[in-house]
Amino acid sequence: MRVLLVEDDDALVALLTPQLTAQNYVVDRVADGETGWAYSSTFDYDLIILDWMLPQLDGIQLCKRLRHEGFSVPILLLTARDQQTEKIKGLEAGADDYVVKPFDLAELMVRIRVLLRRTLTDSAPLLSWGDLCLDSVSCQVTYHGQPVALTAKEYSLLELFLRHSYQVFSATTLLDRIWSSEEFPSEATVRSHIRGLRRKLKATGAPPDLIETVHGLGYRLKIRALIPAAVQPAALPTHVERQTRYLDGLIQTWKAHKGESLARWNYLVQMTRTLPTQRLGEQQRLQAQQMAHSLAGTLGTFGLMEGYRLSRQIEQLLQQETALLPTQCSQLQTLVTTLGHALDESPKLTDAVEEAPASPRMLIIDLDNVPYIQQFMALAIAQGFEATTVASVEAAARSCGLGASSPAPPPPTDLPDLVLVNLVVSKTDAVLDEPILQRLLQFITELTQQWCELPVLVVTPQADFGNRLNLIRRGGAVILEYPVAPAEVLEMVVQATEHRYRLSKVMIVDDDTHHLQQVMQLLQPWNFQITPLANPQRFWLLFNQILPDMVILDIEMPHINGFELCQVLRSHPQWQHLPIIFLSIHADPAKQDQAFALGADDYMTKPIQGQDLARRVLNRLQRSHAALRWQQATATA
Amino acid sequence: MPTKCVLVIDDEESIQKVVSLSLKMEASWKTITVSSGQEGIRQAAICQPDAILLDVMMPEIDGIATFKSLHDNPKTQAIPVILLTAKTRTSEKRLFQKIGVAGVITKPFNPLTLASQVAKLLDWSI
Numbered sequence: 001m002r003v004l005l006v007e008d009d010d011a012l013v014a015l016l017t018p019q020l021t022a023q024n025y026v027v028d029r030v031a032d033g034e035t036g037w038a039y040s041s042t043f044d045y046d047l048i049i050l051d052w053m054l055p056q057l058d059g060i061q062l063c064k065r066l067r068h069e070g071f072s073v074p075i076l077l078l079t080a081r082d083q084q085t086e087k088i089k090g091l092e093a094g095a096d097d098y099v100v101k102p103f104d105l106a107e108l109m110v111r112i113r114v115l116l117r118r119t120l121t122d123s124a125p126l127l128s129w130g131d132l133c134l135d136s137v138s139c140q141v142t143y144h145g146q147p148v149a150l151t152a153k154e155y156s157l158l159e160l161f162l163r164h165s166y167q168v169f170s171a172t173t174l175l176d177r178i179w180s181s182e183e184f185p186s187e188a189t190v191r192s193h194i195r196g197l198r199r200k201l202k203a204t205g206a207p208p209d210l211i212e213t214v215h216g217l218g219y220r221l222k223i224r225a226l227i228p229a230a231v232q233p234a235a236l237p238t239h240v241e242r243q244t245r246y247l248d249g250l251i252q253t254w255k256a257h258k259g260e261s262l263a264r265w266n267y268l269v270q271m272t273r274t275l276p277t278q279r280l281g282e283q284q285r286l287q288a289q290q291m292a293h294s295l296a297g298t299l300g301t302f303g304l305m306e307g308y309r310l311s312r313q314i315e316q317l318l319q320q321e322t323a324l325l326p327t328q329c330s331q332l333q334t335l336v337t338t339l340g341h342a343l344d345e346s347p348k349l350t351d352a353v354e355e356a357p358a359s360p361r362m363l364i365i366d367l368d369n370v371p372y373i374q375q376f377m378a379l380a381i382a383q384g385f386e387a388t389t390v391a392s393v394e395a396a397a398r399s400c401g402l403g404a405s406s407p408a409p410p411p412p413t414d415l416p417d418l419v420l421v422n423l424v425v426s427k428t429d430a431v432l433d434e435p436i437l438q439r440l441l442q443f444i445t446e447l448t449q450q451w452c453e454l455p456v457l458v459v460t461p462q463a464d465f466g467n468r469l470n471l472i473r474r475g476g477a478v479i480l481e482y483p484v485a486p487a488e489v490l491e492m493v494v495q496a497t498e499h500r501y502r503l504s505k506v507m508i509v510d511d512d513t514h515h516l517q518q519v520m521q522l523l524q525p526w527n528f529q530i531t532p533l534a535n536p537q538r539f540w541l542l543f544n545q546i547l548p549d550m551v552i553l554d555i556e557m558p559h560i561n562g563f564e565l566c567q568v569l570r571s572h573p574q575w576q577h578l579p580i581i582f583l584s585i586h587a588d589p590a591k592q593d594q595a596f597a598l599g600a601d602d603y604m605t606k607p608i609q610g611q612d613l614a615r616r617v618l619n620r621l622q623r624s625h626a627a628l629r630w631q632q633a634t635a636t637a
Numbered sequence: 001m002p003t004k005c006v007l008v009i010d011d012e013e014s015i016q017k018v019v020s021l022s023l024k025m026e027a028s029w030k031t032i033t034v035s036s037g038q039e040g041i042r043q044a045a046i047c048q049p050d051a052i053l054l055d056v057m058m059p060e061i062d063g064i065a066t067f068k069s070l071h072d073n074p075k076t077q078a079i080p081v082i083l084l085t086a087k088t089r090t091s092e093k094r095l096f097q098k099i100g101v102a103g104v105i106t107k108p109f110n111p112l113t114l115a116s117q118v119a120k121l122l123d124w125s126i
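Same order as they appear, the protein sequences are chains A and B. Heads up, the first sequence is in the working numbering, so the first residue is 1 and it goes up one at a time. Heads up, the second sequence is in the working numbering, so the first residue is 1 and it goes up one at a time.
Hint data in this document are derived by calculation from the structure and do not stem from the laboratory. Quantities reported herein were computed from a predicted structural model and do not represent experimental measurements. Glycine residues also receive a C-beta, built at the ideal position from the N, C-alpha and C atoms. Misleading hints may appear alongside valid ones.
What the hints assert, rightly or not - Partial chain B-side listing against chain A, Cβ under 10 Å, derived:
(1) 12
(2) 17
(3) 85
(4) 109
As the list claims (entries may be wrong) - Far from chain A by the CB rule (all over 12 Å, computed), these chain B residues:
(5) 11
(6) 34
(7) 36
(8) 50
(9) 68
(10) 72
(11) 74
(12) 78
(13) 80
(14) 112
With the hints as constraints, model all of the structure from the sequences given.
This is the structure:
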């Protein structure tokens, strides 16, 4: 992985660079924005870490320039500015994440990994190819369970091959991707490192040509290496054979039809070009929405998941019937530009057997088309919410199954996950006129009587004690006083839905790497920050680096079993309430009793379903969070 | 057991091919592919497939209108129809099931298990 660090603070660079290098990132460091631009526009980076305050060209300007020129590389902004508005400014300039100084180094490393994972072809930190396994968290490589000691460069080469399996890399590309610009290696250096890597892999029993030379083109992982040696050349394992054959078919079909997707993308590009000056006509909006919808279907089918996600976001933005705000226009432009890059990916097999969880649905009641609500909506969509705005109390009642027109209440699944009521008038920033205000208040009362668990957030310019009390009595869960930044509203919304648990850190300990990978794939749609660990002896070290919100443990593991790990955690004052789930093949009640007696919160038996596991993980996180809040409340009382 | 024949109605030629590839590789089923609802209605009456995989969002006659035509025609009303659609809301799924389709498969589907999904919905064995 190649990282560009644009930072003028030498002390910080001296702290960060060894950490990054220790994780096998190749680091280029520059100290001003203009040089940052020169480097980032010349070399291919997997990530740019950018300081805000820089000489010549500041971080925000550089970020904007990169996005404007169509660079989709993930950018992490590193700055001492911690105001909410500054964060928004940073994210609007095109940064993907934002870390405020002083920061916790371990957290920064995790956020870097998460950011990289989001954009990588293979999102799993645990990469494998047949018997070869690379754990990008612990930087360990094993072949058939045997550890392989590699140099940093050999490791980086192998990681690149594994992340882009089936892709052929020329020596020049490898030089660009693996070596920093300060080094001056030749193609002979690449050959020498490939030789070294092959030799070390062979020493552990791997085929000598696991990394094969494709004459005239470069190097790649050998497909036959996916098949265990014991069964070659006799009957091939059906699954692997099917995967390989299917992938070939997928690649051929994509080659023949990529043009159609490019034409659709091109339509979206043309549409976004007219946007800043011209309002989208209804027909044009619907057409563009249809294009994005078709693109999502096609790209998802071919396993181009980044393109699929971007198309879905574009489709969502185009769903709104009101005119797009300037911020939404630029958001749309960025999404469309990024989509262009995603179309260059190769098809791959997605093992996502579970349907991704539905996005949280939010109903916004905004009678006066207030601009900040529209800004808020754009932010919410970017965060993965499905937001719908209604402009009348009647429409709101219909959406929530209230009123005479719908005598039978809809089942709870038809309800939004959250309702936001705006009581502010657009032009005057005052509260709505009395008759309409009373109707809205009555609506809140009816809504919360009918659906008492549905969170209702209210934004109002009148948030004195009397008005707060009135709104709370009517069932409002959160009252926000206007003016309030859209990001702040979103923060409250995120807190009011289970959405927040989806970014929780979950550590999974299981010596069976196949099972680890399977669990990670099952949980992948829920966006947890997952840290897998196959070696329980490294548990304490990694645990203290990550500080997870939850631990999932296998029972039987070499050297240290899951029960012992559970006891270690429970014997520590800080971790007595950390959620612990056991995941085991043992279904006998004695083992389960033992687990609960040692302090487990839940026990699940393999094989498991992703949705079931995710539900139980979310449930545990929610309970733990509630307990924590209760503890804090009683401590302050 | 005779090979099943599935009619695939999708305006995306690339998706037709991927669906055919999946069903052929996974279950050795025969597929007939067409690009519009109108053509699908015609082919269903002529070929009498064992099942129909139908895209929801298509230009001109969309999937729902196509399904209604298939359902109203005595020659095709007994053929089970599975809708293929991009990620949907639960309410939409419920609506689809209410109109009498045999099932809904969400796009993007997992190509390696598409045939099993179809078989499970229709109670077929592979």
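Now the hints, each set against the structure:
1. At about 6 Å, the closest approach between the beta carbon of residue 12 (chain B) and any beta carbon in chain A falls short of 10 Å, and the interface hint on this residue holds.
2. About 5 Å separates the beta-carbon of residue 17 (chain B) from the nearest beta-carbon of chain A, less than 10 Å, and the hint is met.
3. Evaluation of the residue 85 (chain B) hint against chain A yields a held restraint, the C-beta minimum of about 8 Å falling below 10 Å.
4. Checking residue 109 (chain B) against chain A: minimum C-beta separation of about 7 Å stays under 10 Å; hint holds.
5. With 12 Å as the threshold on Cβ separation, the claim that residue 11 (chain B) sits away from chain A is violated: the shortest Cβ distance comes to roughly 8 Å.
6. At roughly 17 Å from the closest C-beta of chain A, the C-beta of residue 34 (chain B) stays outside 12 Å, upholding its exclusion from the interface.
7. Here residue 36 (chain B) stays apart from chain A, with its beta-carbon at least about 14 Å from theirs, past the 12 Å limit.
8. For residue 50 (chain B), the shortest C-beta to C-beta distance to chain A comes to about 23 Å, beyond the 12 Å cut-off, and the non-interface label holds.
9. Residue-level check passed: residue 68 (chain B) sits 21 Å from the nearest beta carbon of chain A, beyond 12 Å.
10. No beta-carbon of chain A is positioned within 12 Å of the beta-carbon of residue 72 (chain B); the least distance is around 26 Å.
11. Even its closest Cβ contact with chain A, about 32 Å, leaves residue 74 (chain B) beyond 12 Å, as expected for a residue assigned away from the interface.
12. Listed as a non-interface residue, residue 78 (chain B) keeps its Cβ farther than 12 Å from every Cβ of chain A; the least gap is roughly 28 Å.
13. At the 12 Å boundary, the C-beta of residue 80 (chain B) stays outside the reach of chain A, the nearest C-beta of that chain being 21 Å off.
14. Distance check for residue 112 (chain B) against chain A: the nearest CB is about 7 Å away, which does not clear 12 Å, and the non-interface claim fails.
Against the hints set out earlier in the document, violations occur for numbers 5, 14.
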